[in-house]
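Dock chain B against chain A, hints included.
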Amino acid sequence: MIKRIRIVFLCSLLGVSQGMAQEDFNHYQPLCNKGPVPVDFSVSTLNKIKQDGKEDLKSLNIKKKQFFVEQINYSIDEILFSGNVTFGDTISHYLQKLGDKLVAGNKELEGKLRFYTYNSTDANAFSTRQGIVFVTTGLIAQLTSEAQLAFVLSHEIIHFQEHHVLDLFEYATKEKFYSYNERTRFLSNYSRENELEADWMAVKMVHDAGYKSSELNKTFDVLLYSYLPFEEMKFEKTYFNTAEMYVPEMYFDFKRTEISAKFRYNDYLMSHPNLAKRKEQVAEQIAKFRDWDGNMLYKDSSAFFYVRDVARFEYVLNKVYEEEPVDALYAIYILEKKYPESVFLSNYKSQAWLDLMKTVVQKKKSDYYTFLPSAKRKMKYYEGQISILNQFLNALPKQGKLAMGLRVIYDAYQKDTTNLVAEKCLQTAMQILVKSDDFDLSKFSERNYAQTLAYLSEKRKAATMGEKTQPDELDKYAVIENQSKGMTDGFQIDSSKFYMYGIADIIRDSSFMAKFKLHNTKNSQLEKKNDEFNLMTDIEQADLESQKYDEAAHLKMDSVLVFQPAVFETTRSSGINVCKTFKTRDLIFKEMAGNAADLDIHVKTMNLQKLDTLNADDWNNYALLQRSLTRAISDHENDFFVLDVPDLNRVKNQFGAGKLLFMEYQHAYTPDLHFGNVVLFTVLLPVGLVYFPIEILSGHRSDWQFYVLNLQTGEVLLSRAYYANEPSTKHFIGSRLYGMLNQLKQAKNEN
Amino acid sequence: MKIKNILFFCCLLLVFWTEAQETGYYGRRVFLEIDGQGQIPLLQNIFGERKGYVSGKGSLHSSYNLLDIAYRASLNMAITESVGFGLEFSQRFYRVNLQSIDELTRNFQDTGGNMITQYLNARVAYLPIRETVFMPRILVALDDSRIPCGFASEIGVGYSLIQFPDRDLTVETVNPGESSVLPAIKKHLLDPRAEEFNGMVFMYGFRMNYPLTKRILFHIGFRYQYALQFGKKKFRRMDESEYWFSAREIWSKVNLRRQLGIFSFGTGLTFTL
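So the protein lines, in turn, are chains A and B.
First residue of the first sequence? That's 0 in numbering that gives the first Met the number 0, and the numbers climb one at a time after it.
First residue of the second sequence? That's 0 in numbering that gives the first Met the number 0, and the numbers climb one at a time after it.
Just chain A, with the same shape it has in the complex (with noise of 0.2 angstroms):
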């Protein structure tokens, strides 16, 4: 009896404890996988795809069937294993309780659906044929109430119960004989007959779980707005106030720019129909319903606030990780409110900081970049109260930047100085420093904003006293040196230039100053290495250049993490081989091994290869892997962001390597061997004899990609591209990468 007591005294103390864990936001961890790993995680694309081959789907012959089913596993096996999905979380957990209770006595729905985070700032929720339905925590974020959440559970559950996904495929494939145009127009038709069908059939079943029909149409709210903030929460003209920091209030006397989302918009050619026409439907849906709201109805539960703090949280993570700075201070502006101790948010504004202070010394690119994704990101426009704080940011001059930048990541880090994030924030902050010509720590005050102020009303009086406290006329290069320190032309605070007042404590820190100095030496020889090689021939500097090159991938790598390749075998189309490219992905961790063991060194795997013999943590690795991976190698050579350096140490203990390899292949066979071009050529024999030889001979097209990261330090050590016209076949891709391995290998020249 007494030993029964005690195991339900432990279990319940263990729930207890976990429970005070989760509620901890000011030590949140970010989400992470618990529990028995769930079958759909457990089972290999290629036995999945197998599985659905044996089901009987009558409404497609045998090559539409096999197409369906193997690209349809492909693509969401690469959702379920993109490391953005959780499961046995705290919100997958109330998903799934969620989602249970609303098919509770379907018999057809019952114990069928598996719902599962998807880590992501956008805003959606999405199901698939084998009944996973997958909610982003950026939904949750902007969700006001449980009842939205229903709904949306609701809506997708529809989804699969009416099996659309199918049924697209179907309408999509079965006339072959429309343009492209006319394919276009007609599928997109009848998709937005599905959701509509779908959010019609959805209202009934929130109502079935005793949810307020008032929240149902807000829901729709939710979506117009969701590319705004998850809160409209008036920025305070004090929030960057601090004892050493003033910024006048005239920083932020922007005019607010105006929310310009219509819930009425042309949904021609879109999947979805416009929310207009969804919020109408919905409306008349309810109306059909006399009792609603007169019978006893489901309150919101604490639990769902608590689900949606986690999913802000993780809003808060995503956006630095993908290098959006204003959004990420924004969020972090709206959780300080509550969790103002919180260390996660702490770290991340000192991320986020880094990210704006990098723009000072990222290098100009060419005009072709600006096109790119990363850079139309940057240009992103903001409405509502966000633009508040990102005109105040932009208005903020370079020094200004890297000044309030400093401030924030120099107070993080006195917070907590055991803090390794935050330390490695600093001494990053410090490198941007060291590299901007903006920066002359020589030019700003060691008084703050208050004590200059008190210090100049002081010169004041004594000179109304009589003494003298400036000459009386400044020739025109003091006149200069004095507005370069934040002076007015009357001797005066330039509030404008309020920074130069605000890291006086920061200069009087030696230990800090001691630290600056040693980042500016190694950078001044940095410096002093690049005027030499200015004074180079070509031929010297190519020379250096390529020995550079070289040297760069000798790492001295006896041991290393090797990560589960991004593996593509792509078609003429551009589409997936599916089949083919898990034989190439298999192909290539057996020759890594193979060379390895030839090389001497010591692999050890991160892989989804036995993806039965992975548990929680297993994937837990993987997804921190990925997440730092993604963000590491995206403009490595301009980043300065700092990786979550214990986790990552963790693993590197874990593992016992040091180093992490990762790769990206894609191959492809795609001759030019299109139509004109083969009658051109069959017509000019004689160039025909040349040209279709070299291009059925070099037609394979194989792209690689290397990267090796530092577990140590979080930093990419190494990025290696090739492109080959070569198949993937074993030795091509072993001896590939023996030549890799062999390099990695070898120790650094030290002359």
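Possibly wrong hints are sitting among the right ones.
Stated by the list, open to error - Across the chosen pairs, the derived CB separations fall in these ranges: (1) 545/A x 201/B: 26 to 36 angstroms; (2) 572/A x 90/B: 44 to 54 angstroms; (3) 585/A x 27/B: 21 to 31 angstroms; (4) 570/A x 164/B: 48 to 58 angstroms.
What the hints assert, rightly or not - Below are the DSS-like pairs computed for lysine-lysine, each with C-alpha atoms no more than 25 angstroms apart in a straight line: (5) 589/A x 547/A; (6) 213/B x 744/A; (7) 33/A x 111/A; (8) 236/A x 57/A; (9) 528/A x 516/A; (10) 729/A x 213/B; (11) 582/A x 50/B; (12) 434/A x 582/A; (13) 589/A x 56/B; (14) 63/A x 579/A; (15) 254/A x 276/A; (16) 434/A x 516/A; (17) 276/A x 233/A; (18) 236/A x 337/A; (19) 33/A x 49/A; (20) 579/A x 50/B; (21) 603/A x 213/B; (22) 233/A x 217/A.
Unchecked claim - Going by beta-carbon spacing under 8 angstroms, a handful of chain B positions derived as facing chain A: (23) 24; (24) 25; (25) 143; (26) 149; (27) 150; (28) 154; (29) 164; (30) 165; (31) 166; (32) 205; (33) 214; (34) 217; (35) 221; (36) 259; (37) 260; (38) 262.
Quick caveat, the hints were computed from the structure, so don't treat them as lab data.
Here the structure is a predicted model, which is why all the values come from computation and not from measurement.
All C-beta atoms, glycine included, are put in the ideal place defined by N, C-alpha and C.
Coordinates of chain B only, in the frame set by chain A:
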């Protein structure tokens, strides 16, 4: 002999040449290639020259000039990941039709100083040619392919030695009653001054090298070559000759034949050493 010595030392140099370890196929930088090469000069046969003769079963019978094969062996070295250098030895076997029509003609001064012109309706078999080439060549990989693996272009300039391994050609008179003159004709059929010719070959080729094992690769590719033949001044002079085919005629015919065989197909194996 000199050439042999030079080649030998070049091979030795290649074998001991070492540089960064990352180049080469599975780290092996020196490789031996053995190839077969051939071409079927269809267009030339259809639209160009008329059919010639080959001997068989004791008589000549008409045949297209289709034989054009070669073997090649080369020792190569990957200097960088994308550039290789090699020395190639090859022997090409083909033949030339010395006749334009079924007639033999000669024009010479006899010992008495009389100009003699002779005609005879006769057929002569193809003249077999053996062309031996020593060629230094450079291999350049396309994009980031790694020599010797993958798609590569090859460029080479070679020295050619053109020889005629069988000068004892079968001759047949059109009129069987005149066959008694054949021994005399055969005695003076080919001018001995045209024993061998020298020339050069400018080659561009491309090939795809498919790895079979860690040591052996299989390649397939095409070559274009422009052949230059030395001795133009020596052999182009229009002089009398008591030989039915003067040195000038043989030089010209061989030169023309070499110009026509510009495109060939080759395949072979690469062995890393």
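Against the structure, the hints:
Taking 26 to 36 angstroms as the suggested C-beta distance range, the pair residue 545/A and residue 201/B conforms, at roughly 30 angstroms. Remark: the range hint 44 to 54 angstroms for residue 572/A to residue 90/B is upheld by a beta-carbon distance near 47 angstroms. Separated by about 26 angstroms at the C-beta atoms, residue 585/A and residue 27/B satisfy the suggested range of 21 to 31 angstroms. For residue 570/A and residue 164/B, the hinted distance range of 48 to 58 angstroms is satisfied, since their beta carbons lie about 53 angstroms from each other.
Between residue 589/A and residue 547/A the alpha-carbon distance is near 31 angstroms, which puts this suggested pair outside the 25 angstroms criterion. At roughly 20 angstroms between alpha-carbon atoms, residue 213/B and residue 744/A fall within 25 angstroms of each other, so this suggested pair holds. A threshold of 25 angstroms between alpha carbons decides the hint, and for residue 33/A with residue 111/A the separation of about 21 angstroms falls inside it, so the pair holds. Proximity of residue 236/A to residue 57/A is assessed by CA-CA distance (about 64 angstroms); at most 25 angstroms being required, the pair is judged violated.
For the proposed pair residue 528/A and residue 516/A, the alpha carbon gap of about 18 angstroms is at most 25 angstroms, so the pair holds. Restraint check for residue 729/A and residue 213/B: satisfied, since their Cα atoms lie roughly 10 angstroms apart, inside the 25 angstroms limit. For the proposed pair residue 582/A and residue 50/B, the alpha carbon gap of about 53 angstroms is over 25 angstroms, so the pair is violated. Our distance criterion of 25 angstroms between C-alpha atoms is broken by residue 434/A and residue 582/A, whose separation comes to about 46 angstroms.
Taken as a hint, the residue 589/A and residue 56/B pair is broken in the structure, with Cα atoms around 60 angstroms apart against an allowance of 25 angstroms. For the suggested pair residue 63/A and residue 579/A, the alpha carbons sit about 18 angstroms apart, so the restraint of at most 25 angstroms is met. Taken as a hint, the residue 254/A and residue 276/A pair is broken in the structure, with Cα atoms around 32 angstroms apart against an allowance of 25 angstroms. Pair hint residue 434/A plus residue 516/A holds up; C-alpha atoms about 12 angstroms apart against a cutoff of 25 angstroms.
Distance hint between residue 276/A and residue 233/A is unfulfilled; the C-alpha atoms sit about 31 angstroms from each other, more than 25 angstroms. Restraint check for residue 236/A and residue 337/A: the C-alpha separation of about 18 angstroms stays at or below 25 angstroms, so the hint holds. In summary, the hint linking residue 33/A to residue 49/A is not supported, as the alpha carbons are separated by about 28 angstroms, beyond the 25 angstroms threshold. With a CA separation close to 51 angstroms, the supplied pair residue 579/A and residue 50/B exceeds the 25 angstroms bound.
Proposed proximity of residue 603/A and residue 213/B is supported: the alpha carbons are some 24 angstroms apart, at most 25 angstroms. About 22 angstroms separates the Cα atoms of residue 233/A and residue 217/A, which keeps this hinted pair within 25 angstroms; it holds. The criterion of a C-beta within 8 angstroms of any C-beta in chain A is met by residue 24/B, whose closest approach is roughly 5 angstroms, and the hint holds. Interface restraint check: residue 25/B against chain A, minimum CB-CB distance 5 angstroms, threshold 8 angstroms, status holds.
Nearest Cβ of chain A to the Cβ of residue 143/B: about 4 angstroms, under the 8 angstroms cut. The hint holds. Annotation: residue 149/B was flagged as interfacial toward chain A, and the flag holds, the nearest CB pair being 5 angstroms apart, inside 8 angstroms. For the restraint placing residue 150/B at the interface with chain A, the shortest Cβ-Cβ distance is roughly 4 angstroms, inside the 8 angstroms limit, so the hint holds. The beta carbon of residue 154/B is not positioned within 8 angstroms of any beta carbon in chain A (closest approach about 15 angstroms), and the interface hint is therefore violated.
Interface restraint check for residue 164/B: the shortest CB-CB distance to chain A comes to about 30 angstroms, outside 8 angstroms, so the restraint is violated. Of the supplied interface hints, the one on residue 165/B is violated, with its beta-carbon coming no nearer than about 32 angstroms to a beta-carbon of chain A, more than 8 angstroms. For the restraint placing residue 166/B at the interface with chain A, the shortest Cβ-Cβ distance is roughly 34 angstroms, beyond the 8 angstroms limit, so the hint is violated. Against a cut-off of 8 angstroms between C-beta atoms, the interface hint on residue 205/B holds, since the closest Cβ of chain A lies about 6 angstroms away.
Interface restraint check: residue 214/B against chain A, minimum CB-CB distance 10 angstroms, threshold 8 angstroms, status violated. About 11 angstroms separates the beta-carbon of residue 217/B from the nearest beta-carbon of chain A, more than 8 angstroms, and the hint is not met. The beta carbon of residue 221/B comes within 5 angstroms of a beta carbon in chain A, closer than 8 angstroms, and the hint placing it at the interface holds. Taking 8 angstroms as the C-beta contact cut-off toward chain A, the hint placing residue 259/B at the interface is violated, the least distance being around 13 angstroms.
Checking residue 260/B against chain A by beta carbon gives a least distance of about 13 angstroms; that is not within 8 angstroms, so the hint is violated. Contact between residue 262/B and chain A, as hinted, is supported at the beta carbon level, the nearest pair being about 6 angstroms apart and thus within 8 angstroms.
Taken one by one, the earlier hints fail for this structure at numbers 5, 8, 11, 12, 13, 15, 17, 19, 20, 28, 29, 30, 31, 33, 34, 36 and 37, listed in ascending order.
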